[in-house]
Amino acid sequence: MDQLQISGGFPLLSLLIFLPLAGGLVLLFVRGEQFARLWALGVTTLTALITVPLLVGFDPSTARYQFAELYAWIPRFNIQYVVGVDGISILLVALTTFIMPFCVLASWQYIQHRVTPFMFCLLIMETSMVGVFVALDFVLFYIFWEFMLIPMYLLIAVWGGPRRAYASIKFFLYTLAGSVLLLVALIALYLKTGSFFIPDMMWQEYSLTFQVLVFLAFFLAFAIKVPMFPFHTWLPAAHVEAPTAGSVILASVLLKMGTYGLVRFCLPITPDATMLLAVPILWLSIAGIIYGGFTALAQQDMKKLIAYSSVGHMGFVTLGIFVLNTRGLEGAMLQMINHGVTTGALFLCVGMIYERTHSRELALATGVGRYMPWYVTFLTFFSLSSFAFPGTNSFIGEFLVLAGAFEFDPVVALAAIPGAVLAAAYMLRMLQKIVWGGTANPDQSHLFDLSKREIVVLAPFLLFVFWIGLGPQPFVDLMHVSVTNLLDQLHTWQEGHRVALALWR
Amino acid sequence: MVILPELVLLAGALAFFVISLGKAPEDKLVRSTALLVGFATFAAAVLAFNSQGTLFHGAYAIDRFSQLFKLLIGFALALMLVFSRNHKDIESRVRPEYFLFQLLSVLGLMMLVSAVELILMFVALELSSFALYLLVPMRDDRSGVRMQMEAGMKYILFGVMATGFMLYGMSYLFGLTGTTSLAGITAFLSAGTPQPAAVVAVVMILGGLFFKLAAFPLHFWVPDIYQGASNETTAFISTIPKIGAVAVLIRFLALPSGHPQFLVHLLAGVALCSMFYGNLSALVQKDIKRMLGFSGIAHAGFIILALLALNGEGYGLAIYYIAGYVLMNLACFLVISTVSQRGENLRIEDFNGLYRRQPLLAFILAVGLFGLAGIPPFVGFMGKFMILTSALRADQLVVVCLAAINTAIAIFYYLNVVKAAYTADPENRPAVTAPASIQATGVVLVTAIVLLGALPSRLVEYAWAVVQSML
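For the record, the sequence lines run as chains Y and R.
If you're matching positions, the first sequence starts at 1 in the working numbering and goes up one per residue.
If you're matching positions, the second sequence starts at 1 in the working numbering and goes up one per residue.
Please keep in mind that the hints were generated in silico from the structure rather than gathered at the bench.
Backbone N, C-alpha and C define an ideal beta-carbon position, used for all residues, glycine too.
A hint or two may mislead.
What the hints assert, rightly or not - So the derived label-pair ranges between C-beta atoms look like this:
1. R:V443 <-> Y:F18: 18 to 26 Å
2. R:V443 <-> Y:K192: 39 to 47 Å
3. Y:Q494 <-> R:P359: 51 to 59 Å
4. Y:S451 <-> R:S32: 54 to 62 Å
Generate coordinates for the entire structure from the input sequences, incorporating the hints supplied.
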């Protein structure tokens with residue numbers, strides 16, 4: 001338990017987890033749609049504000065878990081309620097809480113029916129997302145991880161598009177099927193170590209076969225969530241049918257859970273298996289990057305286009321993780337945040353067009369630049385960020401990932417480069433059509449430009465695009481010690497086990 | 001007053017007997033009496049919770065084990081009577097008899113959990129079973145196809161056969177040991193060398209109990225009888241008798257029959273077959289009650305998986321799991337019997353758009369189904385998780401993996417119903433009215449499902465301690 005820095009003072013993390021839940025429960029007892037909107041906005045904003053002392057009080061010079069809280073929960077099975085943040089999770093927690101108020105704002109007019117249940121789903125969704133990132137007990141983690149499926153399912157199934165039934169069921173089945181063996185793996189780990197406390201499971205002497213089996217169970221669950229090629233098929237369906245807020249949550253936060261899981265569990269719990277299987281996973285990532293790029297190039301539906309671009313971007317993240325060096329991993333961590341900011345903003349942009357034209361067809365949204373100058377300004381910056389234009393956030397992330405990949409193996413890095421080019425191709429294609437279009441644009445003169453509310457929604461995203469793009473150091477500092485500590489331990493471990501591994505081979 | 005719950009039930013049954021003698025019993029009287037007896041039983045079970053004692057020359061044990069089960073039975077009965085007191089599909093002239101037999105059946109189960117002597121066990125089991133067989137054909141014969149008669153016949157024939165197995169097994173035990181009291185049998189068996197015949201006897205008796213619990217291979221009565229019986233009767237059949245079955249299963253498995261390894265293999269096989277059979281068959285069901293019947297078979301598999309640890313922890317988990325299962329199943333049946341307008345059977349598409357027709361019922365149904373599917377934080381997940389842990393601790397890796405895969409299969413059909421309730425268009429299906437009492441019961445059930453799932457410690461510890469004290 002010495003990895004924990006118990007917070008003697010205020011239980012900040014528990015407040016982050018349970019405040020949205022409590023806010024959601026209050027919603028059930030009060031009627032009124034406008035109240036539901038305002039209340040949800042208030043609760044999510046308050047949660048976001050509570051994150052600020054967390055960021056300020058976070059000590060970036062240690063790799064221990066800070067703000068930790070520890071209570072006995074089910075003593076018979078040695079299950080504890082234990083939460084804490086380190087450099088790997090803190091940015092993701094902040095991303096989650098900061099993005100939620102904008103999801104509420106984005107749904108202000110988009111959701112007209114059954115507002116109260118919608119906001120209720122959003123709030124309990126926030127509870128489980130924060131819970132996933134801060135849980136340090138595997139059972140607690142698993143509970144949040146699985147529970148999240150229910151509100152997300154309902155968000156798609158009740159407020160989604162025409163094919164919502166199909167998309168929501170596919171999402172639910174895919175992710176649940178992936179994580180049932182995770183449950184078995186976590187029980188197996190518990191029986192080996194006698195504890196569900198995640199840091200206790202790390203860097204233990206397990207046999208290689210055991211590690212490989214556990215790794216595969218982990219990998220299946222997390223790769224589906226990421227989603228890695230070839231487990232990505234649920235993503236476009238879910239994105240297309242989900243309401244705007246659902247898409248944003250899905251892209252910005254849910255996908256990060258998969259990569260977070262890979263970093264938090266696969267690397268330290270099964271280091272030997274990670275090193276054994278890193279190369280095939282790298283090639284899967286590259287397949288995802290290229291595949292996502294080519295598929296996005298062919299899409300007519302804007303949401304689908306961005307969904308497939310997510311497959312490519314997340315490929316970069318997994319690439320960065322499994323090259324197993326500091327540059328790569330820091331790039332991957334940064335890229336998670338970048339993807340959350342940029343893709344979230346792009347989905348918001350598509351949602352704004354959809355509210356006006358009631359269509360996501362690219363062909364019907366051509367040439368709006370003339371009538372919506374503010375809108376296309378924002379869109380342009382987010383698109384540039386999406387294909388990693390220098391000066392924007394994704395450039396830093398992708399650059400670090402590629403530098404890490406070069407360090408690992410130039411062939412791998414070269415194979416990933418076409419993905420970056422493809423990203424420029426499909427984003428510029430979309431941008432060209434939306435801003436200028438061709439000679440036969442539909443009549444867009446009825447469109448009105450962004451309202452103040454919409455500008456307020458988009459502006460903070462733009463701020464982060466440039467902040468991370470021009471001055472990424474504060475963000476890197478937050479994670480640096482945790483990342484290097486993880487990699488140091490991994491490499492020490494590797495030195496110690498190289499002989500054993502060679503013998504096994 | 002150690003047998004207060006039994007006495008209350010007996011008094012209630014007699015009251016209904018008196019009511020049934022009158023020519024045209026008043027509906028309201030019947031309804032409120034039923035409700036009163038239900039809550040009085042629960043209150044009596046609470047009052048008698050801490051009492052101890054042995055009655056009838058050691059044949060009837062009032063211990064923490066039996067009182068815990070009586071509390072569960074009383075709680076389930078009270079909740080069930082709240083939503084099933086209207087009995088849309090039972091003709092009002094036979095309703096007093098219906099409640100008479102229902103209460104007698106519960107009385108039999110309460111006696112069963114206290115019985116520690118073979119003959120008394122048999123009598124209690126038969127009291128509960130025969131009363132139950134009678135409930136099935138009491139359904140109104142509206143459709144004219146006499147489905148309920150067929151179901152009743154099937155139930156009684158299969159039931160008698162299963163009882164025959166059980167009685168045969170009991171005769172073996174008596175023949176081996178010369179006594180019918182469980183304590184005497186335990187003493188005799190643990191003193192001598194292991195007797196293969198004792199295993200045969202235990203397996204036979206388990207067979208009879210598997211019938212009650214609806215586990216493979218004695219599950220085949222389930223779908224037809226669930227479909228043939230009225231919704232409320234099915235709610236009863238699928239919950240309360242299973243509590244009694246678990247109690248007796250634990251008592252018999254605790255016997256030192258001498259070949260634990262064989263029993264473990266047998267139980268593992270039965271558990272896996274139940275899960276696969278139940279889940280795969282449930283996938284294709286159109287009738288909601290048949291679907292829940294097959295899902296019940298799969299859940300019986302999970303309970304047996306808990307039991308196969310053959311230690312106090314496993315038995316305690318089985319108690320926890322059955323308590324959770326009963327709550328979740330009652331939540332589903334509460335919705336079914338309320339949505340059903342005149343007590344007719346419901347197909348899954350009859351739930352279409354329930355979310356718009358009655359949001360609270362849709363929510364209760366979703367919680368019940370997600371719980372049964374084993375999604376956290378509901379009680380179904382915690383039960384499943386702890387059972388898998390205990391089974392893996394007993395070195396059953398393959399069984400545990402297959403059971404986990406079953407969870408993934410099961411989610412599909414539960415989700416199908418949720419999908420119908422939340423995404424499908426109601427078309428011109430009527431709005432559903434739910435009286436306040438039913439809504440309140442539903443909320444109580446949902447709260448219990450969540451609380452028991454989020455804070456399982458107390459019940460699990462208590463059940464474990466209780467079982468330990470009995471072993």
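These are the hints, each one checked on the structure:
1. In this structure the hint that R:V443 and Y:F18 lie 18 to 26 Å apart at CB holds, the actual value being about 21 Å.
2. Distance hint for R:V443 and Y:K192: a CB-CB separation of about 42 Å, consistent with the stated range 39 to 47 Å.
3. At roughly 56 Å, the beta carbons of Y:Q494 and R:P359 sit within the given window of 51 to 59 Å.
4. Separation of Y:S451 from R:S32 is about 59 Å and conforms to the stated range, judged on CB atoms against 54 to 62 Å.
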